[in-house]
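Q: Chain order of the listed sequences is A and B.
Per this note's numbering, the first sequence starts with residue 1, numbered consecutively.
Per this note's numbering, the second sequence starts with residue 1, numbered consecutively.
Where hints are given, some of them may not hold.
When chains are identical, the list treats them as one kind, so a pair holds in a single copy or across two.
[Stated by the list, open to error] Pairs of lysine-lysine residues, derived as DSSO-like cross-links and limited to a Cα-Cα distance of at most 30 Å, are as follows:
#, residue 1, residue 2
1, Lys-407, Lys-429
2, Lys-281, Lys-161
3, Lys-383, Lys-504
4, Lys-522, Lys-486
5, Lys-636, Lys-483
6, Lys-190, Lys-299
7, Lys-636, Lys-156
8, Lys-67, Lys-177
9, Lys-632, Lys-407
10, Lys-13, Lys-322
11, Lys-23, Lys-13
12, Lys-93, Lys-158
13, Lys-156, Lys-93
14, Lys-319, Lys-190
15, Lys-407, Lys-188
Calculated from the structure, these hints are not laboratory results.
There are 2 protein chains.
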Amino acid sequence: MAGTAERMAQNQKQVSISEFFEKNKHFLGFDSLTRSLITAVKEAVDNSLDACEEARILPDITVQLTKTDDKKNIIELRTEDNGPGIPKASIEKVFGQLLFGSRFHAIRQSRGQQGIGITGVVMYSQLTTGRKTHVRSKIATEASAAVVDIGLDTRKNKATKQNEGREIWELPDGTLKEHGLEITTRMKGKYQRGRQSVYQYLRMTSIVNPHASITFIDPDGEQHHWPRVTDRLPRKVEGIKPHPHGIHLGQLQRMCSESTDSRMTVFLRNNFSGVSSRASKELLAAAEIQEKAKPKSLKAEQLRTLIEVFQGERHLNGKPVKLLNPPTNCLSPIQELLIKKGLSKTIDSRFVTTMTRAPAVTQGNPFQVEVGLIFGEGMPADKPVEVLRFANRVPLMYQQGGCLLTKAIESVDWRQYGLEQSGGRGVPKGPAAILVHLASTNVQFTSEAKEALADNEEVMDETRKAMLELGRGLRKHLEKKKKMAKTREKFELVNDIIPAIAEKSAAILGKPVPDLSGSITKIMSAVIAESSTTWNKTTKQTDVSITLFNYTSRARAYTLLARWPEEDGATMENNSHGGRKEATGVWAWKLDTLDPGQTTTITYQLAGVERGDWTDTDVFYRGSQDVIGATKMDEKLLEEIRRREAREDEPDGEEVSEADDGRQAENTSAPPIKAPKTPGQQTLMGYGGDE
Amino acid sequence: MAGTAERMAQNQKQVSISEFFEKNKHFLGFDSLTRSLITAVKEAVDNSLDACEEARILPDITVQLTKTDDKKNIIELRTEDNGPGIPKASIEKVFGQLLFGSRFHAIRQSRGQQGIGITGVVMYSQLTTGRKTHVRSKIATEASAAVVDIGLDTRKNKATKQNEGREIWELPDGTLKEHGLEITTRMKGKYQRGRQSVYQYLRMTSIVNPHASITFIDPDGEQHHWPRVTDRLPRKVEGIKPHPHGIHLGQLQRMCSESTDSRMTVFLRNNFSGVSSRASKELLAAAEIQEKAKPKSLKAEQLRTLIEVFQGERHLNGKPVKLLNPPTNCLSPIQELLIKKGLSKTIDSRFVTTMTRAPAVTQGNPFQVEVGLIFGEGMPADKPVEVLRFANRVPLMYQQGGCLLTKAIESVDWRQYGLEQSGGRGVPKGPAAILVHLASTNVQFTSEAKEALADNEEVMDETRKAMLELGRGLRKHLEKKKKMAKTREKFELVNDIIPAIAEKSAAILGKPVPDLSGSITKIMSAVIAESSTTWNKTTKQTDVSITLFNYTSRARAYTLLARWPEEDGATMENNSHGGRKEATGVWAWKLDTLDPGQTTTITYQLAGVERGDWTDTDVFYRGSQDVIGATKMDEKLLEEIRRREAREDEPDGEEVSEADDGRQAENTSAPPIKAPKTPGQQTLMGYGGDE
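Bound-form chain A, shown alone:
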C-alpha cells in the first residue's frame, strides 16, 4: 500500500482545452464522417449569419464542397460570405483559439455562443489531414484583404500561422470585394444526400433565414441556390443584462467582488435587467443590506440573503419584491408565416397550423417557443411524423431522440387529436410534420455540438403546451373536415335521389316534374362555405375562391371575412366583390341577400406571395344562421387578430445608424411579459380555441 497514493498522483497532469476537445471531438459533432462534414458547414454558415445580422448586412453565402481524394474521403470545404470580415489581428484568435469569442458573456439570441465552433473545424481539419485552414478576410476600412493559413497548437491552445500576407480580393465580375470572409479547409468527411445532409441543413437554414441568399456547389459541381425572399433583416437583438432570477450565488459573489460601484443601489441598477430604482431599494431592504454599502464589502451571508430575496424566498413586508421581467428585444422569433412556409414549402398540403407562445423566462433567461404542424396528403401515413427542430434559427439535424423538444412531442397523447400513437406516448404516426423552434438568450444544449436541448422544466412546459394547442387545432380541422364531408355526402345524396324520385313519381302519375329546390334546401337546412386556395403556376399568384351556399328555406344575409397575408407584402387583385379592409390582414365582403338554394362565389388573387406561403384561407362570417366551414366573427376574435397582427408589426429590419448601433442596452424598455407559469397563447388556426 505504501506509496500507492503518491505514485498515482504522479501520473496526474493538466490538459489544455484543445487537447481535451481534440480527444473528445465527438462532443463538437465530429463523430462520423458524414456528420463531421455537416458540422463544419454548420459552424461556418452559422458564423456568417451571426456576423451579417450583427453588422446589419443582408447575407450572401456560398458553400462549396470539392472531393480532393474520393477514395480517402478527403473533402475541401470553402465558404464565402459578404459579412463585415475580421480584422487581421483577430483572425488567429477567432480561428486558432478555443473559447475565444464575443458572444459568451452577451445575453442575447445568437447562433454561436461558445467560441468553439469554427476553431473546432480548424482543429478537426488539422487532425485528419494535417493541413492548416486558409482564411481570407476583407474589412471595409482596408484596401486589401488579409490572408493567412491557421493551425492549432493544441498543447497551448494557441494558433499557429503560415503564409501571412495581404492581397487584392477581386470578384469574378472584376470588381473588388468590399467586405467579407472566405474559409478554405480540407478534412476527412463524407458527402451524402438525404435527411441528414449538408443540402438539407442549408435548405432548412434558408427557410428560417429568408433574408439570406445561399448558394451551394455540391461535390458533383451541381449548383443549388436558395434566393433571398425578403429584404427585411431579422429584428436586431439587443444584449441585455442578467436578470436577478437567473443569478446563482457564486456569480453574485464574483460580480460583487469585481465591482467598482460605490453603493449597492447603483450596483443593482447598473448590472441587472428588471431592477428599477425602487426595486433596488426594496431588494436591499428585504436583505437588510444598507443602500450605501459597497458591493466589494459584502459578506458571504449577506449575499446569500440577497439571493434569497432575488429568488422570492425572502419577502419584504410579507411579499416578494416585484421585479420587471427581462426585456424581450433580445429575442428574434422566426414568426408564424415563416413557420408555415418552412412546413409547406415543398408539400402542397391543405392544413397548416402554427402557434407562437408569448415570451417566458427560465432562470432569468427570456425564451420563446414557436411551433407548427402540417397535415395532409403527400406524406406517408404509416410512418412517424417528421420532426423539424430549430434553436435560434439553426436547424438541429442530430440527436433527435435525446432532445427536449422531441420529448415534449412524445409526452403528448396524440391519439385524442387524430394521430396514431402506440400506447399514447412517443413520436406519433401519420401524414404530418411538426416544426418546433426555441428562441432564447441561452439555449441549453446537451453538448457543444448543439444538436439537442437539455432538460429544462419551463421550456418543456411551454413546448408541451404549444403542442397541445397544435393538437387541438388538428382535431378541430379533422372534425370540420368530417362535418364538411358528411354535409357534402348528404347534399349529393339529396341532390341525386330526390330528383330521381320526383321524376319517377311524376312519370307514374303522368304529372310534370315539380320544382324541388325548396325541398332540397329544406332537407339540407344548412349554409355552407367552401374555400380553395391554390398556387397558380402560370400567373405565379395564389388563386382564392370562397363560395357560400344557402341550403336553407329562408333568405340569408351575410358578411364574409377572410384573412390574407397583408403584413407580408401581398396585394389582393381582381377582387370579384370589392369589399373593404376590416383590420390589418382581414378583408370583409358584405354580400347581397342569398335566396334559398342560391350561391355566391368571391374570387381574388394574391400577388407578392410565394408558392407555399399561403396555402389555406380562414373564412369568417357575420350573420344569424351558422355557416358550416366558417367561423363566427365577433369583437373578441377580431381584437385577438388585431393584437396578433400588431405584434408581428414590430419594427425589425431598419438599418440602424451608427449612434443607434453602439448604444448600450441600459435604457431598452421592458414590456411586461407573462410569467412562465401562465403565458399567453395565440393561434392562427382555431381562433377562439374550442377548449
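Given the coordinates of chain A, assemble chain B onto it according to the supplied hints.
A: Chain B alone, transformed into the frame defined by chain A:
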C-alpha cells in the same frame, strides 16, 4: 459599414475552461435539481471505485445525503471511501482545476476519463450555495489526514483554499483510518426515488461492481447497504499504447515532432501497440521512409504517406502491412454471471440469456460489448422493455433516447423474436429487460456528462449483432416453451382419455381394464426432460431437480448433463444420483436404463450462490433418441463450454506485489483478437446456435 468589423472584434475575448463549464453546467449533467444531485454522487463514487481498483483495494464506500434546508432544496453530500487517498499537494488540483487528472492520456478502461467530474461538483456547489467543498484525505505513508476547503477561481481555473490543516482521522470504532478520502459539499439539489435516483444509481453500481461494499444513508436517515459479494477485484487493467489504426495525422505529427527517438523503427516500436520489429520495418518500407530517419525530421508529406500505410490505404507488395491487434488486458468486462445477476436480482424470471462478444477494435481502441435479456413473469407485458445501459461498469441513467446503445436495440426487428414492436423499429414492448454494457479504453460519450454514447459504426455493429443473438435465444426459448407445452397437453390428454376409453370399453364388454402404459408411451413416443431451479428461502440454497420421462415403447439409456456455477464458488450438495464432473461447470449423471413409461428424477442443491444468481439450469443429454427439453451434447459443444469457462477463469483478482504494481505495459502480451468485422460469438443459452 466602416468600423463595424473592428467594433465587433473589440468585444471578443478569451474565456477560461471553468467559466465555460460554469455557464454550460448542463453539459456536465447539472441541469435539473434531481439530476444534479445524481451527477454529484456519481462523480464521487466513480472516482472512489477507480482509485480503489487502481490501488487494488476492495472498496468500502459510504454515501450520505442530508437536507440542510429542505425548503430551499439545499442538500449536503458526504462520501467516504477506503481508497489510497490523495497526497496533500495534489488535493487542490484534483478538486479545484478542471481538466486535471491522470486518465486523460492513458489508454485503458476506467470510469473517469476527463479530469472534469469531481471539479465540476466543487464548481456546482460553489455556484449554487457559495460554499467550498471540504476534503479530508489520508494516505498510508502519513500519520495524519490532510484537510482543506476547496473552491474554484473560475476566471483562472485555479483552486481557492481555506482552513488548510492536518488532523487525526479517527473511525467510529476508535481505530485510526489507514487511508481513504472524504468529501463533504453542499449544493442545490433534490432527492427523489424512482428509476432515475441516487438509490437506483447506487443499486445498479453495486450489481456491476460486486467487489464493492456500498452504504447509502438517505436524507430520511434510512440506511441502505449493498454488501460485497465477491473478494475478487475486477481484472487489473493495463494501460496500452495507441494503435496505428486509431491515429490521426495531426497526432502523428505531434508525436514525431516531440519525439527524441533516434530512428523511426525505434519510434514506431516504442510508441505504438501492435507494431512488432518486423511490422515497423514493413510500415516504413511501404511509406518509403528510411528506417534510420529521425522522427523529428520527417516532412508533412512523408507522415501523410505513413498514415495511409497505417490505415491500410497504401500497401507493401500489394498487401496491407499486417499489425497485431491491440492487447485486450486493458479491458475489464462485467462478465456473464454478473450480467445475469444484474438482470434477475429482483425478478424471479425463468429465462435469462446473455452474450459476451469477443473484443473488437474501433479507431485503434479495443472495446467489448456484453448484453443480457431477461424475459418472463413479473414484468409488465404492455410497456416498453426496460433498458439497462452501462459503460465501463458505470450505470447510465439519462439520455436513453440519444444513446447509441438504445439505437442498436431500436434497430432490431424484435417482432420475429417474439416481442411486440410497432412498425418493427423502436424499443420493443413485452415482459422483458435488456442490459447492455460497453467496455472500452475510450468510451465516446455525446457529452461531458457521460450519459449517452455517440455514434460509432463498429460499436453499433457489435451491439446490434449481440442483440440479434439475444433475440435468437429468446425465440428459441419461446419455441421450446411452446413445444413443451404442446407435449404436456398431449400427454395430459392421452393420460386422461385413453384410460377413460379403456375403462368404458372394458365395462361394456365385461372384460378387465387392460394395462395401457404401452399404448400411452406408443402414442406419446417421446422422451422428455424437465428441470426446475428454485431459490429456497429457508435453506438459502438453490434447489434443482431434473426429471426424465420415457414415453416411448422401448427401454432407453441416457447420460444427463447439467451446467452449474462451479466457477463462481458454488458447491453441489445432496446430489441424489452422484455422477461425475464432465468439465468445469458441467456435471454428468449416467442413468440406469429407463423402461417404457418409467421416470427418473435427479435432485441436488447449490450452496454458495445468492438469490437471483442461478435461475435456470441448462440440461444436456447423450443417448440415441432425442430428448425434448434438453440439448444433445457432443464434442464440439463441450469444447465450446470448456473454452468459455476457461476464458472466465483468467486470473483477475490477486493482490499484486509492489513490483508488479509499478510495471509498465510495454511487455504485455497481445493475444490476437478478432477484427471488428468478423468477431467471435459466445452465448450461454442456445449452444450451437440454431441459426
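Q: Evaluate Lys-632 and Lys-407 at a C-alpha cut-off of 30 Å and name the case that applies: within, between, both or neither.
A: neither (36 Å within a copy, 49 Å between copies)
Q: How do Lys-319 and Lys-190 come out at 30 Å by Cα distance, when the copy is not named: within, between, both, or neither?
A: Classified as between; 25 Å across copies, 60 Å inside a copy.
Q: How do Lys-281 and Lys-161 come out at 30 Å by Cα distance, when the copy is not named: within, between, both, or neither?
A: neither (53 Å within a copy, 34 Å between copies)
Q: Under a CA distance limit of 30 Å, which applies to Lys-23 and Lys-13: within one copy, between copies, both, or neither?
A: both (15 Å within a copy, 24 Å between copies)
Q: Classify it for me, Lys-13 with Lys-322: is the Cα-Cα distance of at most 30 Å met within a copy, between copies, both or neither?
A: The answer is neither: 49 Å in one copy and 35 Å across copies each exceed 30 Å.
Q: How do Lys-93 and Lys-158 come out at 30 Å by Cα distance, when the copy is not named: within, between, both, or neither?
A: both (8 Å within a copy, 23 Å between copies)
Q: Treating 30 Å as the Cα threshold, decide for Lys-407 and Lys-429: within, between, both or neither.
A: both (15 Å within a copy, 19 Å between copies)
Q: For the identical chains here, do Lys-190 and Lys-299 meet the 30 Å Cα criterion within one copy, between copies, both, or neither?
A: between (57 Å within a copy, 27 Å between copies)
Q: With identical chains treated as interchangeable, where does the CA-CA distance between Lys-383 and Lys-504 reach 30 Å or less: within a copy, between copies, both, or neither?
A: So Lys-383 and Lys-504 fail the 30 Å test inside a copy (50 Å) and across (61 Å) alike.
Q: Checking an output row: Lys-636 and Lys-483, CA cutoff 30 Å. Within, between, both or neither?
A: within (25 Å within a copy, 70 Å between copies)
Q: Could you figure out if Lys-407 and Lys-188 sit no more than 30 Å apart (CA to CA) within one copy, between two copies, both or neither?
A: between (33 Å within a copy, 25 Å between copies)
Q: 30 Å Cα cut-off: does Lys-67 pair with Lys-177 within a copy, between copies, both or neither?
A: Within one copy only: 27 Å inside, 64 Å across.
Of the numbered hints stated above, those contradicted by the structure are hints 2, 3, 7, 9, 10, listed in ascending order.
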